[in-house]
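Protein chains: 2
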Amino acid sequence: MMPTRDTGHRVALDPGLIPGGNDRFSRQVEFLLEIDRLKHTFRQTILLDRSRHENSVEHSWHIAVSAMLFAEHAEGDGVDLCRVIRMLLLHDVVEIDAGDTYCYDEQGKLDQHARELRAADRLFGILAEPQAAEFRALWDEFEAAETAEARFAHAMDRFQAFLHNCATEGQVWRAHGIRRAQVEERMRPVERGAPLLWSYVRTLIDDAVGRGYLLP
Amino acid sequence: MMPTRDTGHRVALDPGLIPGGNDRFSRQVEFLLEIDRLKHTFRQTILLDRSRHENSVEHSWHIAVSAMLFAEHAEGDGVDLCRVIRMLLLHDVVEIDAGDTYCYDEQGKLDQHARELRAADRLFGILAEPQAAEFRALWDEFEAAETAEARFAHAMDRFQAFLHNCATEGQVWRAHGIRRAQVEERMRPVERGAPLLWSYVRTLIDDAVGRGYLLP
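Protein chains in written order, with the working numbering: chain A, 1 to 216; chain B, 1001 to 1216.
Some hints here could point you the wrong way.
[Unchecked claim] Per label pair, the in silico range of CB-to-CB distance: (1) A/N22 / B/V1209: 15 to 25 angstroms; (2) B/D1023 / A/E129: 46 to 56 angstroms; (3) B/L1081 / A/A144: 18 to 28 angstroms; (4) B/L1081 / A/A12: 20 to 30 angstroms; (5) B/D1080 / A/G210: 45 to 55 angstroms; (6) A/A12 / B/E1184: 16 to 26 angstroms; (7) A/D121 / B/H1176: 38 to 48 angstroms; (8) A/L196 / B/Q1171: 44 to 54 angstroms; (9) A/G21 / B/P1019: 55 to 65 angstroms; (10) B/E1185 / A/E134: 29 to 39 angstroms; (11) A/R50 / B/Q1182: 35 to 45 angstroms; (12) B/D1105 / A/L110: 30 to 40 angstroms.
[Said to hold, decoys possible] Chain A stretches covered by chain B per the calculated footprint, using a threshold of three residues with CB under 8 angstroms from any CB of chain B: (13) 19-30; (14) 46-56; (15) 64-74; (16) 79-85; (17) 162-171.
No lab work stands behind these hints, which were simulated from the structure alone. For glycine and all other residues, C-beta sits at the position ideal for the given N, C-alpha and C.
Pulled out of the complex, with its shape left as it was, chain A reads as follows:
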């Protein structure tokens, strides 16, 4: 698990300046400032120029754009792209408290869901109702991965990280000794959530094994 760097620097604007002491608005501003901390949560994935790890905000933006790009590949015609994008923008916010858990970190994954649930309670709880419940429902829907929107969102989440691995000669896969079967399992949401991307993924996996980026 890569912890969020906690700088111990809590920011607050004087609540006395909120117009009319509006509680709902005050909590919206607090949430907006709080989520700035996600810019300090780094993932295993590296940028394409290999200069550094990617943070969770950059990843969230990149996959939200990829949902726009690949919307036509979503299963069926009834997928609500706006809900996909809103899910993707929020899905990693819990990492502010829970840190990023590497997808092949079997130890870290044992308590990942419990850590993330606590984080969701605290973070979405900053907001007033019904907005807190509305944001939380998007996060819960992504986690459950059952609706067509959530499945497509997961496909986008996996596909971007996978492309980065392929385009950086498997640098992160090689560092962790990742095997083909692990990546195939990890990429299942692409098969379920964006079937037309799946043949590309399979070809790239074969290529990655052939080049030694992945262990057979």
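Start from chain A and add chain B according to the hints.
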């Protein structure tokens, strides 16, 4: 102007691996990889813990979430939030080529639009039609700032950077000797695009002048 750091590192996956040689899909993948470079474009705005400047991808994510948060403050009831979010996700992509232009850099602003138009031609031109035109139309709509969606998008763009300035004791404003009138002018889109946020902005500007974050 803060130029994008060009690492000279061009990434390409073997186009021969694209399923069926699908040109449209190949260009979507190329676009997705190309926009990774926006993570190297830094803005004047600093993160709330003041550890470093914010990059344009982080800013884009933050204001897309702020559009979700403050949707109720958009003028009228007919604002298409999904189009606002898609505009915000794409609005800074041109900075890959054009760099970020500080909003109070009068010299840099002279050729900003020309630089960004060239960048839009190149970047959205990576995509096949009609997707290239669809993405370009979102960018053009944001630039024109005429529709209710574009005005609300501009309000979110300005409001987040403004809050960061207030919450970091005007560090960037003070470094550049920014005056109250400059910020008031800069914040006009909030008055037009999100009137209910405007009274908060006015109060914070008064407070910032009082504290010496802004020159009178």
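Hints and how they fare:
Taking the beta carbon of each, A/N22 and B/V1209 are about 23 angstroms apart, inside 15 to 25 angstroms as hinted. Our hint of 46 to 56 angstroms for B/D1023 and A/E129 holds, since their Cβ atoms are close to 49 angstroms apart. The supplied range of 18 to 28 angstroms is met by B/L1081 and A/A144, whose beta-carbon atoms lie about 23 angstroms from each other. The hinted range of 20 to 30 angstroms is satisfied by B/L1081 and A/A12, whose Cβ atoms lie roughly 28 angstroms apart.
Distance hint check: the CB atoms of B/D1080 and A/G210 are about 46 angstroms apart, consistent with the given range 45 to 55 angstroms. Take A/A12 and B/E1184: their Cβ atoms lie about 24 angstroms apart, and the range 16 to 26 angstroms holds. For A/D121 and B/H1176, the Cβ-Cβ distance of about 41 angstroms falls inside the hinted range of 38 to 48 angstroms, so the restraint holds. Between A/L196 and B/Q1171 the C-beta distance comes to about 48 angstroms, which sits within the given range of 44 to 54 angstroms.
Hint check: A/G21 to B/P1019, Cβ distance near 58 angstroms, so the stated range 55 to 65 angstroms holds. Between B/E1185 and A/E134 the beta carbon distance is about 35 angstroms. The supplied range of 29 to 39 angstroms therefore holds. Between A/R50 and B/Q1182 the CB atoms are about 40 angstroms apart, so this pair conforms to the stated range of 35 to 45 angstroms. The hinted window of 30 to 40 angstroms between B/D1105 and A/L110 is violated, with their beta carbons roughly 51 angstroms apart.
Check result for the segment 19-30 of chain A against chain B: holds, 4 residues qualifying (beta carbon to beta carbon below 8 angstroms, three or more required). Three residues within the 8 angstroms Cβ limit are the bar, and the segment 46-56 of chain A against chain B gives 7, so the coverage statement holds. Look at the segment 64-74 of chain A against chain B: 6 of its residues bring a Cβ nearer than 8 angstroms to a Cβ of that chain, three or more, so the hint holds. Under the rule that three or more residues need a Cβ within less than 8 angstroms of chain B, the assignment of the segment 79-85 of chain A holds, with 3 such residues.
Residues of the segment 162-171 of chain A lying with their CB closer than 8 angstroms to a CB of chain B number 5, which satisfies the three-residue condition for coverage.
Of the numbered hints listed earlier, the single one contradicted by the structure is hint 12.
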